[in-house]
Amino acid sequence: MEILVIEDDPVIGKAVQMGLNEASHACTWVREGPAGLDQALTQKYEAIVLDLLLPGEHGFSLLGKLRGRGIKTPVIVLTALGSVSDKVAGLTKGADDYLVKPFEMAELLARIDAVCRRATLKPAASLQTAELSLDLATRRVSCGGTEIDLTPTEFSILEMLMRHAGQVVTRKMLCENLWESDWEGTTNVIEVHINRLRTKLQKGSKEPLIQTIRGRGYALRAL
Amino acid sequence: MLSERFKNLLATIRFRLVLWMIVVVFVLVAVAMFGVRQLYRARLLSDFDRGLRGDIEPVAKEIRDGFPDWGRIEQNLTKIALAHPVQAWFAEVYDDAGKKLAAGGFRDFQPPLRAFARSESPQPHDLLPYRLIVARLEEPNLPPLYLRIGGNRQSLEDDLRLLDRTMMARSLAILLLAPLGGYILALRATRPIAKIIATAARLEPSRLQERLPIRGTGDELDQLSQTINGMLDRIADYIDSNREFVANAAHELRSPLTAIRSSVEVALNRQRSPEEYGTLLGEVMEECQYLSNLVNRLLILAEGDAGRLGARRQTARLDKIVHESLDMFGAVAELHEVRLQAGALPEALVPGDEFHLRQVVRNLLDNAIKFSPPQGGTVTVLLRTDPARRRAVLTIQDQGAGIAPADLPHIFERFFRGDKARQRHPGRHSSGLGLSICQTIVQALEGAITVGSRVGQGSTFTVVLPLAVEQPLASAAPPDPAASVA
Chain Z
27 MEILVIEDDP VIGKAVQMGL NEASHACTWV REGPAGLDQA LTQKYEAIVL
77 DLLLPGEHGF SLLGKLRGRG IKTPVIVLTA LGSVSDKVAG LTKGADDYLV
127 KPFEMAELLA RIDAVCRRAT LKPAASLQTA ELSLDLATRR VSCGGTEIDL
177 TPTEFSILEM LMRHAGQVVT RKMLCENLWE SDWEGTTNVI EVHINRLRTK
227 LQKGSKEPLI QTIRGRGYAL RAL
Chain E
23 MLSERFKNLL ATIRFRLVLW MIVVVFVLVA VAMFGVRQLY RARLLSDFDR
73 GLRGDIEPVA KEIRDGFPDW GRIEQNLTKI ALAHPVQAWF AEVYDDAGKK
123 LAAGGFRDFQ PPLRAFARSE SPQPHDLLPY RLIVARLEEP NLPPLYLRIG
173 GNRQSLEDDL RLLDRTMMAR SLAILLLAPL GGYILALRAT RPIAKIIATA
223 ARLEPSRLQE RLPIRGTGDE LDQLSQTING MLDRIADYID SNREFVANAA
273 HELRSPLTAI RSSVEVALNR QRSPEEYGTL LGEVMEECQY LSNLVNRLLI
323 LAEGDAGRLG ARRQTARLDK IVHESLDMFG AVAELHEVRL QAGALPEALV
373 PGDEFHLRQV VRNLLDNAIK FSPPQGGTVT VLLRTDPARR RAVLTIQDQG
423 AGIAPADLPH IFERFFRGDK ARQRHPGRHS SGLGLSICQT IVQALEGAIT
473 VGSRVGQGST FTVVLPLAVE QPLASAAPPD PAASVA
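Residue numbers (the numbering used here), protein chains in the order written: chain Z, 27 to 249; chain E, 23 to 508.
Just so you know, the hints here were simulated from the structure itself, not pulled from any lab data.
Just so you know, these numbers come straight off a predicted model, no measurement behind them.
The beta-carbon is built from N, C-alpha and C at its ideal position, and this holds for glycine as well.
Please note that a few of the clues may not be correct.
To be verified - According to the in silico footprint, chain E covers these stretches of chain Z (three or more CB under 8 Å from chain E):
#1 204-212
#2 218-231
#3 240-246
Unchecked claim - Pair by pair, the computed Cβ-Cβ distance ranges are:
#4 Asp259(E) to Glu48(Z): 48 to 54 Å
#5 Arg335(E) to Gly96(Z): 56 to 62 Å
#6 Pro128(Z) to Arg292(E): 45 to 51 Å
In isolation and in its complexed conformation, chain E is listed as follows (with noise of 0.2 Å):
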């Protein structure tokens, strides 16, 4: 559509700046022109009364020379005035009572009375197309006289309408100019603009290698190139960790879905007890239980990974999910021979909801237990609150065999398993999710989660959570005693 296509051009950078560009143009041009043609007119105007103030003297001498012949004074008047540069120029002399004494040069003038005004500091003024100067002549051997001094004041005109004629001239040729000089200025100031444009329309989410162009030098459009190649390498990097996620999920899909088939191959090969058939199926039932807990898991990494875990507005007592826990866990640990130490558990209101942040704790908790000595140790639970920094901090803590240096940068990735041999039960179903899932918990509410281990002590797991900021007086109470350390 045509008249589409003018609406995109319109809405063009390009159109914009050349549209401003004119507008910009023309007032400065119309400010400027009127600004010399004002001080050029004030010029001319003070050369003129120059002029003016500049005759009282020798007409003066005429009248002090010829006095009283008022008819040589006339004579010699008319003389100055025919060699005088201005146009009808005329000079008069009147009495204190206003009565004309003489006249000299152009004689047409008749000026109204009021412009004969008595005044002790003479002024030009204008009677239009006349100027004229008044000057009071006071000499001792002379009657108190006026002088009126004047001329046409057209040749001024003449000049300051020729300075109009050339600066309109000059201005509508800057006003054509401008427009062109503006396009190709813009067009040059969004040529790279265009590129980017078209880089960009190019990407594709399959093939993201190609980058903007850096031209060097280093101005804003550079800087755009610069941000949006930065962005580029994010989104590239995003895109491959998440390939690199679906693909590691259908790999550890794949084995439990193995297991299921060869379990239900082995049940149809032939003719079982019922008894061969239930211990078979309880092995799918199995599978299918670290299926879904897999999936589960999964999605709670989706969710994060989409930015929908730290969404809620909830709040949780951490403390009480801390108690719980170590509910939960403690006669497993105990069967372990795991110690589990666990300090006063302080009121901590944090956001973020229940189900998740048992995740975290649990999952911690689990791991602490796991990778306790064979021989027992002791696991330690610290959660402490920092009312000044707004934050609790949560400390678990054994005394395992640690992790290996070069494991501990690795420990949070998905699908990471460390030293397998390091596990007190290395069962084949671990996946490798759950420091992951902490982590993304954690930085989903805000928090961070840390470790810090050494080989042959332990390893220690932190977790800070900003304080949620009401706390309300409702959750005061202390945990439920029902729930107290089995």
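Chain Z extracted, bound-state conformation (with noise of 0.2 Å):
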């Protein structure tokens, strides 16, 4: 996909340019305001990542631009300023979705493969993997033929995982899609689900499907 990113801080710029590529996703990154705007205007992306503090035009100002010129291509926010109040602002200001900083790559994509999808494809009725197969419709959830029975929980984690499989999810991502908001305590609530759904996924597969990747979250073996 062809990745807008305006973000005048360098460090963090580069960081997503990078996290992008190796997403294989193509990234044009723009460091001011002003020629941010230019880029949208001329040429075609999927998606646009907009921080707000920039230099020459702010992202509010710039995303009212964007929306005036009647380009509606998919924008995340990604800001420092994280209350609930400024996140309601981004969203009623035409945003699709808003980052608070510091955020973690991992749902950056997460979240630009989701805007996207939002923006073009229908939701899928089932959920395929080389050994899971997932339906969302009667909720049955099979690996390498057999069928295993989850709870609802754990079955929002798998679906989850299954729809970025390959992808890291974060425990913040599955916190929020499982209880509206993230848990950021000491205890890992997730933790538990997770062992639990590996034992169960055992029962159908040798291999492990779900890894755990150190201070990052999980991911489901794609292939």
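These two chains come separately, so use the hints to put the complex back together.
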């Protein structure tokens, strides 16, 4: 996918660019507001990652101009302003999603996927990987042909992992998906569910399917 | 600027006090003087009139004695007139038909006919500059007669004018002295205010030790000084606690930063295998996560301090949040062999946003599980609504070691960490902010959080929140069945 990143911080910009490239996205990184607006107006991108406190022009005003010209490219706002009212302001200004710094690359990738999917595709009825199959309508899961009984929480976690098969899914993403907002306490409320899920999946597959990625989260083996 | 200074002077209390004093004194003096003058005038007139009435009898006597010799009567009347203290005194006698029979005293007086009223109850009246009285004289051996007695009231007017002049002079003196006195009084009254202004102007946020002097008079200005001093005490306390908070926060941030630094230093020390790098970077990542969690927690507290937590007009279903949190911690509790027991969750719509209410419930639940004894125990969660008192009460009770009585008053303080030995998992990453965040949020929503604890028996946290005023029908649906306890 072609993604435009408008971010003035050199370290964050570079990291985002590298992260996007490694996730096989083409990335244009612009460090100033007016230049970013030019890029967004002259070239077609599939998503825009927009910082708010930019030199030359505030992200919100840039977003307003963009939407004013009828450009509907999904925009993910990236900012250090993290209060609830800031988020609401961002979304009402026409942003599709809002990510508060410091953020995790895995989450940015997942959100880019999500806004692009929201913009184009219809939701799938079932999810498939090499060994797993998950039916969203009947809420049935089978692993290597064996049907597996999952609790609603485990089902949601597996669904999330399968949607991002091969990618890192962070604890925060799982938490927000399950219980609306992240839990930042020291108790790892996801870990227990992941462990149970692993035990249940072992019935159908000899290989461990869910990997723990230290300090980042979990990933479902893609193949 | 001169005009600016003049404007400022006009705006001072002192100036306005003086101005008001002049106006009030002027009005009071005018009213008082006018009253005195009217009183004095009435008194003079009544004296004059009494004199005229008193003259009726002597005149009648002369007529009785001299009748019908009008010439003699006239002579005697003139004698009376000469001896009379009233200026231009005169007495005239008329018969029933209005014909003048005799006259004595001042003769230039030519009263019009209508003044010759036949009145049964004679009242003195004015024919300026004269004042006169008409009386009917009815005696057995005399024909019906009318007496007209009067005199010039100029002396009365002269007296009044003298009084007016005296009073004018006094009033003028008072009016000239009043502003001066007023100015002195106003100066005395406002001097403490000037002192307050000067002291307040000297205060700096970095230097708030100075207090306004209390003069001990107990007047309004003393009360004002006391109020300001009280306010200064509170501000100083607030600034102190803020300073302490910032210092503590910096200290807390230092430990993950140190950890990150050490990991990175170790990584950079020499060439390592990719696995080793991975491990070290994973450690760095974990510390970063802790760091951002800490910052997020500090931000919630900062928002609370700025009074921005309760400002939004939102409502949330507390029962749903409790339900959801039970689901969240269900598996963890099971893992630690803690029985998570919840009563019925009645619908409870409370003001506040879900994000912050979740923080409260989750932190309390997390603590309850964390502090449960190693062999398990029960955590009891109860939610009840009290519609009569318009409040929802949430209690979370554990069977842990309890909180030492010495620690109990401090557990809601920021960065307070109790005895770590009680904790089942004394993780390095306990920020000591959980309960103070709970308190900040609950208080911002105009609720209250309390704790009861017995060492060896466990602790009970109680959160009381006001119920939202309106219960929208849309939210009356039962909690999502998909989110049932795992």
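Verification of the supplied hints:
1. Only when three residues or more bring their CB closer than 8 Å to a CB of chain E does the claim for the region 204-212 of chain Z stand; here the count is 8, and the claim holds.
2. Given as covered by chain E, the region 218-231 of chain Z passes the check, having 3 residues with a CB less than 8 Å from a CB of that chain where 3 are the minimum.
3. Only residues whose beta carbon comes within less than 8 Å of a beta carbon in chain E count, and the region 240-246 of chain Z has 3; three or more means the coverage holds.
4. Between Asp259(E) and Glu48(Z), the C-beta spacing of about 53 Å keeps the proposed range 48 to 54 Å intact.
5. With their beta carbons about 34 Å apart, Arg335(E) and Gly96(Z) fall outside the hinted range of 56 to 62 Å.
6. With their beta carbons about 29 Å apart, Pro128(Z) and Arg292(E) fall outside the hinted range of 45 to 51 Å.
In this structure, the earlier hints numbered 5 and 6 are contradicted, and the remaining ones agree with it.
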